[in-house]
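Visitor: Chain by chain, the residues run as shown.
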Amino acid sequence: MRLLAYTLVWIAVLPARAQVSDFKGTDFSRADSVAKLYPNHPLTNLPDLAGKLTHSFSRDEEKFRALFTWVCLNIRNDYRLYLENKHAREQCKTEAALNEWYKTFSKVLYRELLQEHRTICTGYAYLVRELALASGLECVMVDGYGRTPGTRLRKNYPNHNWNAVRLNGKWYLCDATWASGKIDRQLNEFVPRYDDRFFLVNPAEFARHHYPLDTSWLLVQDKPALSGFLK
Amino acid sequence: MESGFRRHLVIKNQMLMKTNSISNSPVSGRNIGQVFTLPGLRNAMVIALLLWSVAGFAQASGQPDEHFIKGVVLSAEEGSPLTGVNIYLKDTNIGTFSDADGRFWFPRKLKAGEILVFSFVGLKKQEYVVAANTPESLEIRMEADPLNILGAVWIDAPEKPRQKRRSLAGN
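Sequences listed follow chains A and B, in order. Quick note on numbering: the working numbering labels position 37 of the first sequence as 37, and the sequence is numbered without any gaps. Quick note on numbering: the working numbering labels position 125 of the second sequence as 125, and the sequence is numbered without any gaps.
Among the hints, a few may not be true.
Residues from chain B shown here face chain A by an in silico Cβ test under 10 Å; the list is partial [what the hints assert, rightly or not]:
id, residue
1, Gly95
2, Asp145
3, Leu147
Only pairs whose alpha carbons sit at most 25 Å apart, straight line, appear in this in silico DSS-like list of lysine-lysine [what the hints assert, rightly or not]:
id, chain 1, residue 1, chain 2, residue 2
4, A, Lys103, B, Lys125
5, A, Lys155, A, Lys86
6, A, Lys107, B, Lys125
7, B, Lys109, B, Lys125
8, A, Lys103, B, Lys124
9, A, Lys223, A, Lys155
10, A, Lys24, A, Lys36
11, B, Lys111, B, Lys70
12, B, Lys125, B, Lys90
13, B, Lys90, A, Lys52
14, A, Lys182, A, Lys24
15, B, Lys124, A, Lys107
16, B, Lys124, B, Lys70
17, A, Lys52, B, Lys124
18, B, Lys70, B, Lys125
19, A, Lys103, A, Lys86
20, A, Lys52, B, Lys125
Some chain B residues judged to face chain A by a derived CB distance under 7 Å, without partners named [to be verified]:
id, residue
21, Thr83
22, Gly84
23, Val121
24, Gly122
25, Pro146
26, Asn148
27, Ile149
28, Leu150
In short, the hints are calculated from the structure, not lab data. Even for Gly, the Cβ is constructed at its ideal location relative to N, Cα and C.
Use the sequences and the hints to build the structure in full.
Guide: Listed below in structure tokens is the structure:
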């Protein structure tokens, strides 16, 4: 009788737990080890790379984990490129000038990603999206504001890209750029170190650092205000 | 399918013309023995030809619209050849990529309705639905895929306030 009561309580509690973090107890070590089988794999054939990373998994979250881990371990954040883009964007006074800059800089960005495996957040989000799509997973790039220690955010000046991915019919958020490592301020260069805090994060937690331009990507019922986030 | 069938018809007609020329040749007048054997031979040949063409037709209709596709991939903006573009049959691993001149030859025969996907980093993905009468050589023009480039980095120490002061002075 007591066992039955425990079981009933457990069944009642389970969905609530799942709401908080669906993959808290999931063992991703197999997906991570598959990702480690392909160090520095070229990006010249993304469908092929996506297939290698995901073909041994049947669960959406494991497929996605394998390619997310691969991106985090193999792509370096290019601080120089980041500064170049930041500076140029600040010089652009009009929307047209900005679009022109994006067009020019996109080519540089793609070339650097392909040849050097280096990029900035847009390249990370692009690569995650392309690999996910090639693996049959729905995935989008999200534009918005990213808050890091010490950054000053300005309205109408979004500064970050990340991804939303649909796994088993439900949308989740992740940020491969910040999961891959940090910029060391003293050395002024990227220090790779995987940070699991940015993988399939619970939306309320994710919203502490990320505010999308399209607020539907907050994935929360009670949307916090942008003004509060920018403070 | 059509072209295959037409080819068979042409061959068949040529063969019939040959048989006709045999029967109308002056040989039939000179050798009586041959005159009697010829209709038998002719019937056998006509039946053989009919069987052959029916078999040929059945074969042609059994594999409708299967054909090889080759082509060239060009940049939509500059018209220059694009190298290394991935070309694959949708939802399969079957594929190839374009060479230094942007040219490709798909390694498998394709049926009408099958979808070829053209993709590469930095280019908008394109799909091509194989048509019944696909031209032998495709010309695929791919557009660049410009991104809204943003870029926040996770810095493990606060940025120096130096820049803020400078911008205030500038104003």
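Visitor: Each hint needs a verdict: does it hold in this structure or not?
Guide: Hints versus structure:
Proximity of glycine 95 of chain B to chain A holds as hinted, the smallest CB-CB distance being about 7 Å (cut-off 10 Å). Checking aspartate 145 of chain B against chain A by beta carbon gives a least distance of about 7 Å; that is within 10 Å, so the hint holds. The criterion of a C-beta within 10 Å of any C-beta in chain A is met by leucine 147 of chain B, whose closest approach is roughly 5 Å, and the hint holds. Of the pairs offered as hints, the one joining lysine 103 of chain A and lysine 125 of chain B holds, with about 17 Å between alpha carbons and a cut-off of 25 Å not exceeded.
The suggested pairing of lysine 155 of chain A with lysine 86 of chain A holds, with an alpha-carbon distance near 15 Å, which does not exceed 25 Å. For the suggested pair lysine 107 of chain A and lysine 125 of chain B, the alpha carbons sit about 16 Å apart, so the restraint of at most 25 Å is met. Distance hint between lysine 109 of chain B and lysine 125 of chain B is fulfilled; the C-alpha atoms sit about 22 Å from each other, no more than 25 Å. In summary, the hint linking lysine 103 of chain A to lysine 124 of chain B is supported, as the alpha carbons are separated by about 14 Å, within the 25 Å threshold.
Annotation: proposed proximity of lysine 223 of chain A to lysine 155 of chain A holds, straight-line Cα distance about 17 Å (limit 25 Å). Taking the CA atoms of lysine 24 of chain A and lysine 36 of chain A, the gap is about 22 Å. The hint holds against a cut of 25 Å. Proximity of lysine 111 of chain B to lysine 70 of chain B is assessed by CA-CA distance (about 14 Å); at most 25 Å being required, the pair is judged to hold. At roughly 12 Å between alpha-carbon atoms, lysine 125 of chain B and lysine 90 of chain B fall within 25 Å of each other, so this suggested pair holds.
Only pairs whose Cα atoms come within 25 Å are accepted, and lysine 90 of chain B paired with lysine 52 of chain A is accepted, the gap being roughly 17 Å. Distance check on the hinted pair: lysine 182 of chain A and lysine 24 of chain A sit about 24 Å apart at the alpha-carbon level, within 25 Å; holds. Proximity of lysine 124 of chain B to lysine 107 of chain A is assessed by CA-CA distance (about 13 Å); at most 25 Å being required, the pair is judged to hold. Taking the CA atoms of lysine 124 of chain B and lysine 70 of chain B, the gap is about 20 Å. The hint holds against a cut of 25 Å.
With a C-alpha separation of about 23 Å, the suggested pair lysine 52 of chain A and lysine 124 of chain B falls inside the 25 Å cut-off, and the hint holds. For the suggested pair lysine 70 of chain B and lysine 125 of chain B, the alpha carbons sit about 18 Å apart, so the restraint of at most 25 Å is met. As the CA atoms of lysine 103 of chain A and lysine 86 of chain A are separated by approximately 15 Å, the hinted pair is consistent with the 25 Å bound. Proximity of lysine 52 of chain A to lysine 125 of chain B is assessed by CA-CA distance (about 20 Å); at most 25 Å being required, the pair is judged to hold.
Because the smallest distance between the Cβ of threonine 83 of chain B and any Cβ of chain A comes to about 10 Å, over 7 Å, the interface hint for this residue is violated. Proximity of glycine 84 of chain B to chain A holds as hinted, the smallest CB-CB distance being about 5 Å (cut-off 7 Å). Hint on valine 121 of chain B holds. Least Cβ distance to chain A is approximately 5 Å, under the 7 Å limit. Interface restraint check: glycine 122 of chain B against chain A, minimum CB-CB distance 3 Å, threshold 7 Å, status holds.
Satisfaction of the interface hint for proline 146 of chain B is found here, the shortest Cβ-Cβ separation to chain A being roughly 4 Å, below the 7 Å cut-off. For the restraint placing asparagine 148 of chain B at the interface with chain A, the shortest Cβ-Cβ distance is roughly 6 Å, inside the 7 Å limit, so the hint holds. Because the beta carbon of isoleucine 149 of chain B sits about 5 Å from the nearest beta carbon in chain A, less than 7 Å, this interface hint is met. Here the hint on leucine 150 of chain B is kept, as its CB sits about 5 Å from the closest CB of chain A, short of 7 Å.
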